[in-house]
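Can you build the whole structure from these sequences, using the hints too?
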Amino acid sequence: MQTVSANQERRPPPPSFEQMDSDGNGELSKDEIKGPILDQFDELDADGNGTLSESEWPDAPPPPAQ
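In the working numbering, the protein residues as written are 1 to 66.
Hints listed in this document are in silico derivations from the structure and should not be mistaken for laboratory results. On a predicted model such as this, the values are computed, not experimentally measured, just so you know. Keep in mind that a hint or two might mislead.
Below are the SDA-like pairs computed for lysine to any residue, each with C-alpha atoms no more than 25 Å apart in a straight line [stated by the list, open to error]: (1) Lys-34 to Phe-17; (2) Lys-34 to Met-20; (3) Lys-30 to Asn-49; (4) Lys-34 to Asp-47; (5) Lys-30 to Ala-46; (6) Lys-30 to Glu-43; (7) Lys-34 to Gly-24; (8) Lys-34 to Asp-45.
Right, dumping it as structure tokens:
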């Protein structure tokens with residue numbers, strides 16, 4: 001049995017690609033991204049166009065086992 005800390009239980013899931021795409025253009029700019037994923041932006045931007053498409057967006061980690 002895995003123990004889950006109080007912080008893990010209260011942590012909301014990360015926002016989806018669609019939730020972060022505030023201008024609705026189907027791509028995420030650095031201005032639309034928040035949190036630690038922003039540090040990986042240039043690495044994730046495979047085509048180097050300065051935005052992340054949904055195909056470049058990493059899958060969310062699986063939820064913790066209960």
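Each hint, compared with the structure:
Distance check on the hinted pair: Lys-34 and Phe-17 sit about 12 Å apart at the alpha-carbon level, within 25 Å; holds. A hinted pair counts as satisfied when its Cα atoms are at most 25 Å apart, and Lys-34 with Met-20 qualifies at roughly 9 Å. Restraint check for Lys-30 and Asn-49: the C-alpha separation of about 12 Å stays at or below 25 Å, so the hint holds. About 21 Å separates the Cα atoms of Lys-34 and Asp-47, which keeps this hinted pair within 25 Å; it holds.
Of the supplied pair hints, the one linking Lys-30 and Ala-46 holds, its CA atoms being roughly 14 Å apart against a limit of 25 Å. A hinted pair counts as satisfied when its Cα atoms are at most 25 Å apart, and Lys-30 with Glu-43 qualifies at roughly 13 Å. With a C-alpha separation of about 16 Å, the suggested pairing of Lys-34 with Gly-24 holds against the 25 Å cut-off. In summary, the hint linking Lys-34 to Asp-45 is supported, as the alpha carbons are separated by about 15 Å, within the 25 Å threshold.
Going through the hint list in order, the structure satisfies each hint without exception.
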